[in-house]
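As you go down the protein sequences, you meet chains A and B in turn.
End of the first sequence sits at 160 in the working numbering; the numbers just go up one at a time, nothing left out.
End of the second sequence sits at 699 in the working numbering; the numbers just go up one at a time, nothing left out.
Just so you know, these hints were derived from the structure itself, not from any lab.
If you're wondering where the values come from, they're calculated on a predicted model, not measured in any experiment.
Treat each hint with caution, since some may be false.
Distance condition first, Cα-Cα at most 27 Å in a straight line; then the derived BS3-like pairs of lysine-lysine [said to hold, decoys possible]: (1) K455/B / K67/A; (2) K158/A / K451/B; (3) K75/A / K90/B; (4) K67/A / K71/B; (5) K144/A / K71/A; (6) K100/B / K75/A; (7) K73/A / K488/B; (8) K71/B / K88/B; (9) K104/B / K74/A; (10) K75/A / K448/B; (11) K474/B / K73/A; (12) K474/B / K71/A.
From the derived model, a few chain B residues whose C-beta atoms are all more than 10 Å from chain A [unchecked claim]: (13) N95; (14) I102; (15) L361; (16) F472; (17) S490; (18) L542; (19) V672.
C-beta: ideal position from N, C-alpha, C; glycine also.
Below are the chains, spelled out letter by letter.
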Amino acid sequence: MKYIIIILFFSMTSLMALPKEKQLVSSEVAINLLENIKDYAIVLGYGEQEVHTFIDPLCLMSQRYLKLLYKRKKKIFAQYTIYLYLHEIKSKKSKKHILNIINAKSSENMLRAIMLHEESYILKDRIDQKNKNIFNDIARVANKIGVNKRPFIMINGKAK
Amino acid sequence: MNTYKNNLYKYYSFILKFRIFIITAFSLLFLYLALTMTTLLTHNDDELWLQGSGEFNKLLENSHQHIYIHKLQLKLEDDSFSHTTINKMKLLNSNLQDVKEIIKVDSLLTHTVISSSNNNDGSSLVEARTLEDKSTDEITKIIQGSFQEFSQFFSADKKIIYLYIFSASPIDYESIYIPFEYNVLDVAENQNMFKDIMLFSILLVTLFILFSITFRTIISSILGIIFISFNTLFAISMYQFIQPDVAIHVSILLVSIAVSIMDFVYIYYGWHIMQISHNPKSSLYYIVMKTFKPIFWTTVVSVVGIGSLIFQNSIILQSIGYNVIFSSLIAFILSFTLLIALLSFFKIRDPYVITKNTSKLFAALEANYERNLLRHFLIFSTVLFIFLVAFVIIQPSNIITKADDEVISLMFPSDGLTHDSLKKLEEFHHDITHRFEDDIISISSSYKYAKGFSKAYNPSATFDVSNINLDFIKFDFILYGILDDVMKDSMHQVTIYIEEDGVDKNIILNWIRGWDEEHSTLVDDANSLLSAAKYDTIYHMLIVVLFILFLITFVIYNITKNKTYAFIALVVNVIPLIWFFAILIALSMPISIEVLVAMLIMIALSSDATIHFLYYYHRNLRPKDSNELSLELSFIEVGTPVGMGSTILLITFLLLVFANIPTISSIGMYSVVLIIFSLLADLLILPVLFIELVKSKKE
Chain A
1 MKYIIIILFF
11 SMTSLMALPK
21 EKQLVSSEVA
31 INLLENIKDY
41 AIVLGYGEQE
51 VHTFIDPLCL
61 MSQRYLKLLY
71 KRKKKIFAQY
81 TIYLYLHEIK
91 SKKSKKHILN
101 IINAKSSENM
111 LRAIMLHEES
121 YILKDRIDQK
131 NKNIFNDIAR
141 VANKIGVNKR
151 PFIMINGKAK
Chain B
1 MNTYKNNLYK
11 YYSFILKFRI
21 FIITAFSLLF
31 LYLALTMTTL
41 LTHNDDELWL
51 QGSGEFNKLL
61 ENSHQHIYIH
71 KLQLKLEDDS
81 FSHTTINKMK
91 LLNSNLQDVK
101 EIIKVDSLLT
111 HTVISSSNNN
121 DGSSLVEART
131 LEDKSTDEIT
141 KIIQGSFQEF
151 SQFFSADKKI
161 IYLYIFSASP
171 IDYESIYIPF
181 EYNVLDVAEN
191 QNMFKDIMLF
201 SILLVTLFIL
211 FSITFRTIIS
221 SILGIIFISF
231 NTLFAISMYQ
241 FIQPDVAIHV
251 SILLVSIAVS
261 IMDFVYIYYG
271 WHIMQISHNP
281 KSSLYYIVMK
291 TFKPIFWTTV
301 VSVVGIGSLI
311 FQNSIILQSI
321 GYNVIFSSLI
331 AFILSFTLLI
341 ALLSFFKIRD
351 PYVITKNTSK
361 LFAALEANYE
371 RNLLRHFLIF
381 STVLFIFLVA
391 FVIIQPSNII
401 TKADDEVISL
411 MFPSDGLTHD
421 SLKKLEEFHH
431 DITHRFEDDI
441 ISISSSYKYA
451 KGFSKAYNPS
461 ATFDVSNINL
471 DFIKFDFILY
481 GILDDVMKDS
491 MHQVTIYIEE
501 DGVDKNIILN
511 WIRGWDEEHS
521 TLVDDANSLL
531 SAAKYDTIYH
541 MLIVVLFILF
551 LITFVIYNIT
561 KNKTYAFIAL
571 VVNVIPLIWF
581 FAILIALSMP
591 ISIEVLVAML
601 IMIALSSDAT
611 IHFLYYYHRN
621 LRPKDSNELS
631 LELSFIEVGT
641 PVGMGSTILL
651 ITFLLLVFAN
661 IPTISSIGMY
671 SVVLIIFSLL
681 ADLLILPVLF
691 IELVKSKKE
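Start from the sequences and build out the full structure, keeping to the hints where you can.
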């Protein structure tokens with residue numbers, strides 16, 4: 001029994017160590033999937049090329065990404081339209097923050113308050129069901145695409 | 001001959017008849033031009049070099065502006081990683097960012113380093129960071145941890161920090177607060193009226209004093225200054241009339257003065273000593289008769305020889321060509337109009353001949369020359385000449401102007417960020433690092449960053465340009481603010497940082513120009529463009545020097561119809577150049593524009609002396625006279641003005657060595673050496689060769 005447990009432990013460990021699949025669907029499918037949730041995205045810029053990014057508001061790298069976007073906004077926003085999809089990293093426990101951003105009057109301002117610490121904010125506990133559905137829809141598409149890191153950046157249906 | 005004499009006498013009488021009118025007309029013209037003169041001289045020949053150069057034209061054809069890269073050297077008082085140093089660097093960085101002409105600063109703090117993300121959650125982001133926003137402790141830690149990445153910003157002993165400043169126009173560093181003791185390479189001075197006035201005042205005062213000492217009369221000084229001033233102003237005005245938008249470099253003016261001053265010396269000296277045995281009027285006519293032909297031919301050599309530079313594309317060479325043409329022609333015209341008219345008002349009582357005794361002494365020494373010594377000297381000079389030719393053919397790069405700056409900026413025209421353009425850059429990176437492995441510190445390009453990002457995203461994958469996702473690379477370039485550093489419109493910008501003690505930049509630059517078979521690569525930094533322009537010019541200038549040597553030989557043959565005279569002319573003009581080149585190579589001194597200008601000054605003087613000497617020997621060849629007497633007479637009649645003119649110019653150029661203008665000081669220094677060599681060849685070798693090859697054969 002002891003040996004079975006050890007073998008099982010090693011097998012699990014090695015399975016976890018396998019590189020995560022980059023993207024689970026083809027770029028065409030990914031584009032179609034993203035079309036379904038485009039309306040739920042926080043949109044920055046007005047450029048010709050679309051950049052779709054899954055972020056977690058409490059993820060440090062997502063925060064750095066957002067900071068860089070605003071730092072070079074003049075150039076980036078002129079050339080790209082950035083779609084930001086809020087998708088929780090389980091370990092960050094950011095669902096409440098995400099729902100508050102979706103629920104806010106200006107999602108962008110709330111996003112900046114939380115992620116860039118530009119101003120103070122209060123998190124509400126009561127969130128509309130409609131917004132909870134948005135959170136779930138984004139999560140469903142993210143899982144289908146295979147979003148495994150944040151920020152998860154996609155251009156033309158392909159992930160980095 | 002009689003017709004010639006008659007015509008010359010008629011001309012002489014005409015000048016004397018209208019002398020008041022001639023002096024008044026020239027004086028009024030001088031006053032008018034002096035009062036309406038708006039031209040300033042430039043001390044900065046950079047812009048002149050760039051105009052008309054092949055590389056610069058290529059840049060203009062692509063509608064691309066050149067940039068300036070200055071390497072700022074900051075001397076450190078204490079440890080290079082101390083808090084004080086880093087805080088001062090931050091202050092400097094912020095001060096430089098406020099200067100609107102500055103496009104980019106590449107320094108310790110602004111250098112982008114790409115590395116993999118250490119985030120455990122996984123991320124599509126990599127670390128592409130600069131040290132600008134980091135704390136002093138973090139900066140110290142990062143630099144010490146990955147020093148190699150920042151090595152291009154430190155001297156080998158870490159006592160100097162380098163900053164590379166890219167700007168749209170030259171920067172005045174004195175107006176920026178730099179909290180370090182610093183040096184800037186390649187800051188050229190433009191126009192400085194005060195320095196010009198000082199320089200020419202010193203020049204004129206020196207000439208005034210030297211003429212007075214040489215002739216022991218103030219008449220020579222006054223007439224000399226009038227002649228030089230009129231000639232210089234008329235030449236500048238004519239040049240400005242033809243090329244109104246091109247500034248005159250101060251050194252070109254010196255060439256013009258050197259070309260014209262000898263005409264005055266020959267005429268004045270001849271008139272001066274002629275009065276020992278003739279009255280002033282006859283002296284004046286005789287000197288017109290004696291000097292008209294040689295001065296005419298020396299003018300032809302200058303106008304056709306040095307003047308041939310006007311056919312070069314380079315504006316600076318054209319400007320030397322035009323100025324020498326105008327200066328020579330105006331000197332010829334003034335010599336036989338204004339100068340004759342002025343001299344007709346004066347007479348010299350008891351003319352002083354400075355070389356009366358030395359001529360006799362010299363003649364006695366040279367008449368008894370050692371034939372073996374002469375032979376050995378000529379053989380040695382020939383061997384030296386062959387060695388120099390071989391050296392130039394085998395190692396041409398060793399004679400190019402040394403470049404102090406260590407950056408080359410290039411543009412690779414392309415249709416944007418494509419796989420093909422990145423492949424071309426990969427090939428370039430590979431070839432140049434293979435060829436100059438130990439000489440290049442780093443190369444900044446879109447390829448370098450694309451490779452850096454690809455490797456950071458997937459460290460285990462083999463890098464292949466064709467697999468790069470261009471959409472992501474471009475997005476990353478913009479996100480991290482790299483795009484403007486590596487792309488200009490659709491062109492790729494490549495910056496090459498060269499080791500301080502590595503191979504000369506010109507060698508790398510020349511290799512790059514040869515590497516690109518399509519000749520589409522553009523050099524876009526001012527210093528590299530300048531180096532390329534100078535490099536292209538050196539061979540043209542050498543061809544011009546050879547052409548002048550040929551021309552002198554031809555003119556002498558045309559006057560004397562004797563091949564031996566022509567051969568002597570060639571030898572006497574070539575020998576100073578051989579010895580001068582030998583010294584340059586022995587001292588590892590590269591050819592520069594200053595060297596070439598000095599060579600033109602020397603060749604103009606030397607050709608004058610050769611023509612005057614050989615014309616005199618040809619006219620006064622008396623086989624029955626003793627060697628000693630022949631030489632003594634030639635020294636008094638021609639050797640003295642040659643020696644006087646050369647000595648006056650030599651002292652003048654010697655003074656210029658101490659002028660606080662680098663170009664002028666260098667021209668002064670090289671000219672002094674070349675004038676000494678030329679004088680030695682004219683006074684020692686030419687007369688001896690004449691006796692050896694001509695006179696002894698007639699006896």
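Hints violated by the structure (numbers, ascending): The structure conflicts with hints 4, 5 and 16, although it agrees with all the remaining ones.
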